[in-house]
Amino acid sequence: MVLTTRTLTDADHWTVNDLLYFSRGRPALPADAWVRPRPLQGVLLESDRTPIAVQTLSFEPIRLNGRTAVLCQVLKEAMVPGVTGKQVVAALYAAAGQAVRDQNAALMTTLSEPPAPWVPAARASAEYGATVRRAMPPFQRGWVHLVTPGVGGGAPPAWGDVRPMRTADAGAVIALYERRLGGLNGSCVRSGQDWADLWRRPDDRSFVIGEGTGLSGYLRLEPMAFPAGGGWRVGDLLETGPAAGHALWQVALALGTQAQGLWVPPLPPDRPWRRWLDGLPVTTWPAVGLIRPGAMQPFLAALAFASPAGSLVLGIVDPYRLWPRRVRITWENHALVECGETTAEPVAAMGVGALALLGPGLTPAPALWRQRLVDADLPTIARLAATWSAGPFFANWPNAGI
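Heads up: the sequence shown at position 38 corresponds to 37 in numbering that gives the first Met the number 0, and the numbers run straight through without jumps.
By construction, these hints were calculated from the structure, which means they are not laboratory data.
This one's a predicted model, so the numbers in the text were calculated from it and none came from an experiment.
Check before you lean on any hint, since a few could be wrong.
As the list claims (entries may be wrong) - Okay, derived cross-link-like pairs now, SDA-like style, lysine to any residue, Cα gap no bigger than 20 Å in a straight line: (1) K85 with A129; (2) K85 with E45; (3) K85 with L2.
Said to hold, decoys possible - Quick list of the computed label-pair ranges, beta carbon to beta carbon: (4) L377 with W194: 43 to 51 Å; (5) P163 with A129: 46 to 54 Å; (6) Q249 with V1: 57 to 65 Å; (7) P280 with G213: 25 to 33 Å; (8) Q249 with P378: 48 to 56 Å; (9) R324 with P80: 31 to 39 Å; (10) S306 with R162: 44 to 52 Å.
Idealized CB from N, CA, C, for every residue including glycine.
I would like the entire structure built from these sequences, with the hints used as guidance.
In structure tokens form, the structure reads like this:
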């Protein structure tokens, strides 16, 4: 089988939807399951000019250690029935790697989704997992929450201090977003156009607490399909403390039980959400994603080095060959000075995905060593731990749904 890849264009919308949905025999789909009519990005894999697999991508700005970096997010992927094989999966990700280089993306991720009948079966196959996870190990994104539906529609919301958002609140909401999430590693960077696109959606519902510049809470709900009918997904939940958070939760839960359910993606990791949700009718479980560094220079430049200055030579295993096998990293004043391929002996060896967990602080070096994801002696592990420190990482990127 001779495989060729090409970049998706807007003319490929029908082909993409056919591969993702119709070719797998999926019947009527909710509107949010379709590829949105925005500029189409991704990779199409063909055999003898016949499309056999597709991967759609989104490139979004996020914060990494006070800097803005580009995140490449794998949104959806599928293969035609009967097409399997490591060669196909590897070809998709190798082609995506070129897009990562072109966009100077610092990170590449694929995220877990709510259980749904249209999720491609290939995503759950052992062969898919073995191929992809060689370069993209799993990481914990936090906790997701699925509110079980009420019986008979539930009671109407007790609004309290919560009110529907007005147009005049836009500036205060944006300021609250920056104040609440601006310092969180991994949080999404939104432009004014991003906000305008969000608020242009006719079916979303938005609520605030407070007036003028004194807003203390903001909640945005998006319509979402559940197996038994329609429900809501929390698009944004911003609060300045427990009182505002509790009031917004009361409204979200009430509307969720009036419908068929409420889906809550991972929330900012610096709040005790599980304690705040204790006793409420919710099911909680950890959300898992896959992650790897993107292009070498943008990834390393986005990191904050805990030690003031130093140099490291790392051995890197990258099945998709975005990174060289040996990399020298030099930094001063806690920031990257230079990086590049070298012939020097490495002090530690790791898969490229392990570096994505180590550098931004998702997993500390000793934990990676215990999981056998880093090969080094104990003094070197201590040095790696001192090079990049661990901390909370907000791995929820809603811009991709705009």
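### Query
Which numbered hints are broken by the structure, listed smallest first?
none
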